[in-house]
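Novice: Taken in sequence, the protein lines are chains C and A.
Letter 142 of the first sequence, counting from 1, is numbered 142 in this note's numbering, and no numbers are missing.
Letter 261 of the second sequence, counting from 1, is numbered 1261 in this note's numbering, and no numbers are missing.
Just so you know, the hints here were simulated from the structure itself, not pulled from any lab data.
Just so you know, not all the hints are guaranteed correct.
No more than 25 Å apart at the CA atoms, straight line, and that leaves these computed lysine to any residue pairs for SDA-like [said to hold, decoys possible]:
(1) C:Lys-116 x C:Leu-244
(2) A:Lys-1134 x A:Leu-1159
(3) A:Lys-1134 x A:Arg-1193
(4) A:Lys-1163 x A:Arg-1110
(5) A:Lys-1163 x A:Gly-1085
(6) A:Lys-1134 x C:Glu-101
(7) C:Lys-116 x A:Asp-1070
(8) C:Lys-116 x A:Phe-1063
(9) A:Lys-1134 x A:Ala-1088
(10) A:Lys-1134 x A:Asn-1038
(11) C:Lys-116 x A:Val-1093
(12) C:Lys-116 x A:Gly-1064
(13) C:Lys-116 x A:Thr-1090
(14) C:Lys-116 x A:Thr-1059
(15) A:Lys-1163 x A:Ile-1126
(16) A:Lys-1134 x C:Val-108
(17) C:Lys-116 x C:Ile-242
(18) C:Lys-116 x A:Ala-1072
(19) A:Lys-1221 x A:Gly-1243
(20) A:Lys-1134 x C:Asp-176
(21) C:Lys-116 x C:Leu-255
(22) A:Lys-1134 x C:Arg-10
(23) C:Lys-116 x A:Ala-1088
(24) A:Lys-1134 x C:Thr-5
(25) C:Lys-116 x A:Ala-1078
(26) C:Lys-116 x A:Pro-1091
(27) C:Lys-116 x A:Arg-1074
(28) C:Lys-116 x A:Asp-1108
(29) A:Lys-1221 x A:Ile-1238
(30) A:Lys-1163 x A:Glu-1174
(31) C:Lys-116 x A:Gly-1075
(32) C:Lys-116 x A:Arg-1079
(33) A:Lys-1134 x C:Arg-12
(34) C:Lys-116 x A:Arg-1068
(35) A:Lys-1134 x C:Pro-112
(36) A:Lys-1221 x A:Arg-1193
(37) C:Lys-116 x A:Arg-1071
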Amino acid sequence: MIETTRYEARQRVRGTLAFAVLLGAFALLIIYLYPTIAESSADIDALIESLPESFREGFGAETYTTIEGFVAAELYQTVWVLLLGLYMAYAGGGLLAGDVESGRLYLVLATPVSRKRVAFEKFLSLGLPIVVLNVSMPLVVFGGTVAIDYPLDPAYLLVVLLVCSGIGLALSTILDRGDAAQRAGLALVFLLFLLDSVTIGTDVEWLGAVSPTRYLDPTEILLHETIDLVDPLLLSIVAIVIVLGSLGHFQHRDL
Amino acid sequence: MAVIEVEGLTKAYGDTLANEDLDFSIEAGEIFGYLGPNGAGKSTTIRQLMGFQTPTAGTARIFGNDVRNDRALRGAKARIGFLPGEPAFTPSVTGREFLDYQAELKGDERRDELLGLFTPPLDRRIREYSTGNKQMLAIVQAFMHDPDLLVMDEPTSGLDPLKQEAFHDFLRGERDHGTTVFFSSHILGEVRRVCDRVGIIRDGRLITVEIVEELLARGGKQVRLHTETPLTEAALDIDGVVGFASEGREAQFTFTGDYDALFAALADYRIVDIEIDEPPIEEVFMHFYGGDAE
Chain C
1 MIETTRYEAR QRVRGTLAFA VLLGAFALLI IYLYPTIAES SADIDALIES
51 LPESFREGFG AETYTTIEGF VAAELYQTVW VLLLGLYMAY AGGGLLAGDV
101 ESGRLYLVLA TPVSRKRVAF EKFLSLGLPI VVLNVSMPLV VFGGTVAIDY
151 PLDPAYLLVV LLVCSGIGLA LSTILDRGDA AQRAGLALVF LLFLLDSVTI
201 GTDVEWLGAV SPTRYLDPTE ILLHETIDLV DPLLLSIVAI VIVLGSLGHF
251 QHRDL
Chain A
1001 MAVIEVEGLT KAYGDTLANE DLDFSIEAGE IFGYLGPNGA GKSTTIRQLM
1051 GFQTPTAGTA RIFGNDVRND RALRGAKARI GFLPGEPAFT PSVTGREFLD
1101 YQAELKGDER RDELLGLFTP PLDRRIREYS TGNKQMLAIV QAFMHDPDLL
1151 VMDEPTSGLD PLKQEAFHDF LRGERDHGTT VFFSSHILGE VRRVCDRVGI
1201 IRDGRLITVE IVEELLARGG KQVRLHTETP LTEAALDIDG VVGFASEGRE
1251 AQFTFTGDYD ALFAALADYR IVDIEIDEPP IEEVFMHFYG GDAE
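Isolated chain C (complex conformation):
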């Protein structure tokens, strides 16, 4: 039934594991650093207070003196949301454009499967890195800190990553060159993240509303333990619209 997803996902196994190991190691390093920072005499919170608001918001730095605040700022806001978002956009960009450019897709589309199906199954194969990374990270973090509560609802982050993957997929169906789609995906997600960060607290704060990262605030969830259900729902809808639009476009374009 899902031949293409299985075929594609198999090719993602190694990269996903390597990425999970690297991120895990980085998470452990951050957690290992925490006691030294917590016990340091310098008033780090005062330092953070003195930073511009957009900077604080962008990197989610609210407080470094609790493990939740520290982990939220160092790990989740930057590494997880931004890095994984970039990774998913990059992977999404590589889904189709490269195969179209090289002609690899011809051999698949010559079989009795529809274009939409091939494209969608390829998109589904991104589920492997999304699931593996989102399951392994909390486990590593939890294993590294006995003190921390269950950190973040993975379903929440999932939708942000789906949007980023969708952006990649959309670019991949529009652009003809694989590397162009991947780079455009990286650039777009990073720009959206910046747009979200720098507009916070300014008159044009609404501009940042186009960024998926605006709707995910690990600091809020970790530190204040509040979860809002409207935002993830909204993001899911955006992801679905982007994916459907991409599939529709891909169905009719010349290859």
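Starting from the known structure of chain C, fit chain A onto it as the hints suggest.
Specialist: Frame of chain C, contents of chain A only:
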């Protein structure tokens, strides 16, 4: 009923007409060669037949299914084997993994039989494959679900001469079992040896569709001679010498006549070197269809 019917097929890329008002049909059980120089529009036709690109005007039908109708064409694809020009694969998978994937998509009743004839190194990653090995892998996938129709873009490119011959033999065998074959080539000799009929395309236009024997009579060979004493056109007074040119003791012409007559005429000369070769396709166009091949 014709297996492939092409009706007024036209494809424009901006101002360039890659295919212009093509009309031809291919009957069940024949090998149809689609001959033309590089850039003539052969691949464009094939991509439209496979539904990868939409015609600007006109259309084509495969097994009666309009190629513009994705759903209808998809049904027909189970009966089509396809071999693209310069086939490309995911470099990180092995040949076997690729064939397993293709088998899941369309079946592989004949895989083992084909792997007896064409021998890509299945357990190596495709990134290590030579051009010839990639071509063999592509040939295996094209035939492995035992299709009724083969659509192939330059199928022998990259194969060594022995494998080319094996492929031609195999193709004739398939035809004798009722399989229909449509393939493009820019090599006249290949089309001559294998095809029943040939369509010749140049600058996106179909110049002629001929039975191969007729083309054979017109095609000719390119002859290059190095004689001890200079050879003149007047001395070579036999039928079938076209485009004679000489420079000192080197002479060159296209020959469409009888070999015995040629060798009888040359008997008075001491021949240092002789080359008889397929003419480049551009030559054929120049001599038999007028105008220059560019």
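Novice: Run through the hints listed earlier and report the numbers of any the structure violates, in increasing order.
Specialist: none
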